[in-house]
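> Quick note: the sequence shown uses our numbering, first residue 1, plus one each step.
Hints may contain errors.
[Said to hold, decoys possible] Heads up, simulated BS3-like pairs for lysine-lysine below, C-alpha to C-alpha not over 27 Å straight-line: (1) Lys12 <-> Lys31; (2) Lys27 <-> Lys12; (3) Lys28 <-> Lys12; (4) Lys28 <-> Lys11; (5) Lys11 <-> Lys31; (6) Lys27 <-> Lys11.
Hints listed in this document are in silico derivations from the structure and should not be mistaken for laboratory results.
Treat the numbers as computed from the prediction; the structure is a model and nothing was measured.
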Amino acid sequence: MRAEKQEATGKKQLSVVLEAIELETAKKVAKKRGVSTSSLVRMLILDEARRLDIQ
């Protein structure tokens with residue numbers, strides 16, 4: 001995984017290296033949920049944090 005980058009907005013970026021099939025699957029899931037792939041990743045991280053009781 002690459003180092004996080006900081007944009008002008010103050011938000012940080014996370015780069016993830018995926019195989020083509022993984023990216024296509026992520027895009028399909030995001031489309032089915034009606035969100036962008038970045039929103040999907042954020043939602044999955046927050047859902048997992050809640051599941052693990054991480055704040």
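> All hints are to be evaluated individually against the structure, with a verdict given for each.
We went through each hint and held it up to the structure:
For the given pair, Lys12 sits about 24 Å from Lys31 by alpha-carbon distance, which is consistent with the 27 Å threshold. Between Lys27 and Lys12, the direct Cα distance comes to roughly 21 Å. Compliance with the 27 Å bound is thereby established for this hinted pair. Under the criterion of a C-alpha separation no larger than 27 Å, the hint pairing Lys28 with Lys12 is consistent with the structure, at around 25 Å. Between Lys28 and Lys11 the alpha-carbon distance is near 25 Å, which keeps this suggested pair within the 27 Å criterion.
For the given pair, Lys11 sits about 24 Å from Lys31 by alpha-carbon distance, which is consistent with the 27 Å threshold. Note on Lys27 and Lys11: the hinted pairing holds, with a Cα-Cα distance of about 22 Å set against a maximum of 27 Å.
No hint from the list above goes unmet by this structure.
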